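Kindly generate the complete structure, drawing on both the sequences and the hints.
This is what each chain is made of:
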Amino acid sequence: MKCRRCPGTAVIELRRHNAAFCKRCFSEVFVEQVRKAIRRFAMIGAGDRVLVAVSGGKDSLALWDVLLDLGYDVDGLYLGLGIGEYSDRSREVTASFAESRGAQLTVVDLAEEYGYDIPTAGRKGARSTCAVCGLSKRYVFNKAAVDGGYDVIATGHNLDDEAATLLGNTLRWKTEYIARQSPSLAAETGMVKKVKPLHRLSELETAAFAFLRGIDYVVDECPLVAGNTQLRHKEAMNAIEASSPGTKAEFFLGYLDRGKALFAREDDVELTPCGECGQPTTARYCAFCRARAQVLGERLGEGPPVVVEDRDVVASMSGEVMPIEIYGRAPA
Amino acid sequence: MKVTLRNPDREVDVPGGRAIREVLDELGVSADTVLVIRDGELVTRHDHVAESDQLEVRPVISGGGP
Ligand code: SF4
Ligand SMILES: [Zn+2]
Ligand SMILES: [Zn+2]
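First to last, the sequence lines map onto chains X and W. For the first sequence, counting from 1, position 69 maps to 69 in the working numbering; every step adds exactly one. All you need for the working numbering is the position in the second sequence, starting with 1, plus 332.
What the hints contain is simulated information worked out from the structure, not anything from laboratory work. Please note: incorrect hints may appear among the correct ones.
To be verified - Cβ pair distances, simulated, as ranges: (1) X:D151 x W:H380: 45 to 53 Å; (2) W:A382 x X:A46: 50 to 58 Å; (3) X:A95 x W:E383: 36 to 44 Å; (4) X:T106 x W:E373: 32 to 40 Å.
Note that the coordinates shown come from a computational prediction; the quantities given were computed from them, not determined experimentally. Built from N, CA and C at the ideal position, the CB exists for glycine as well.
This is how it looks when you write it as structure tokens:
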């Protein structure tokens, strides 16, 4: 099979584009898509300091690689989740990538800094493992970005992640979440801007890019992934995609172009500092502090015991930037 | 022909001498959800494999978000 752009031999076929590319042309196309995303959503301004959340997986390492190549001032943050060998290997891979690129990596260990790890939180907490994991990641990333004086947090969410999240929210008509799903969330009081420069690229593309760039990434799946809702939504999308290539991109990118505006509404959320940690929330204590207190069996402040919200509210939303997690309760 | 599958890691033996598409069909794997690697290079579903080839079929789907 020939490359669409040159006489070279194709190494990857992208059925949704009805095209195949050689190694060099594919890498160019990939980087073009990242640049396009950054430009269209004004993700990174001149002189911005960027913190990329790296997990050791294909997406976040590919993202870090591209942002470094594009000349951005970008450091990495790795959060140790304490998931046995899986976490050990993820940290090693991330650290050796940083070293090979001469890039700056900060490592935060959840157990050391906050007193719990993800397997324990999954067993003891009222939330699903993935929900408390996602919540912890978002909290720690934001805190690290604020403390480190970063302007932007970049995450490796790809097209499949975003389409699966949109599907999940649509299936349950979570209109607040649908309205806020965006590749670029502006900064708010105490909240650093968040961007997803890979949102135009499929999982197949990010994996191929990472592979072709010689990036050693963790192929193994997190051992706690069983039952992850987003994974089921991905499989459903892939089943549709298999018979009509391009549906996934049409669904999510079409939402950004034509659907999102229909869900726009006044955002009347008012943020105040969490009574425990000071990060912004609409409740007295932020979702992170409430979940953590519940896992550790502690009480927050002097007030009445903490009431932890309904497990399903967050369980179904584990992989996404969730306003309810960040801001407390979604507006009514 | 030996094929390495991941998550969990295992090896299976399937006939070579045909298009990768046919190998993937036999394994029940969609070409859009995996990288197919031969000798450290990516190959597409249209490429042919010989009986003596070794393939890795590596899933690209990941759960939970990055
Ligand atoms: S699969 Fe769940 S527990 Fe594992 S890293 Fe992802 S969100 Fe966390
Ligand atoms: Zn080419
Ligand atoms: Zn708090």
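Evaluated hints:
no. : hint                        : result
1   : X:D151 x W:H380: 45 to 53 Å : holds (50 Å)
2   : W:A382 x X:A46: 50 to 58 Å  : holds (53 Å)
3   : X:A95 x W:E383: 36 to 44 Å  : holds (41 Å)
4   : X:T106 x W:E373: 32 to 40 Å : holds (35 Å)
Hint violations for this structure: none, all hints satisfied.
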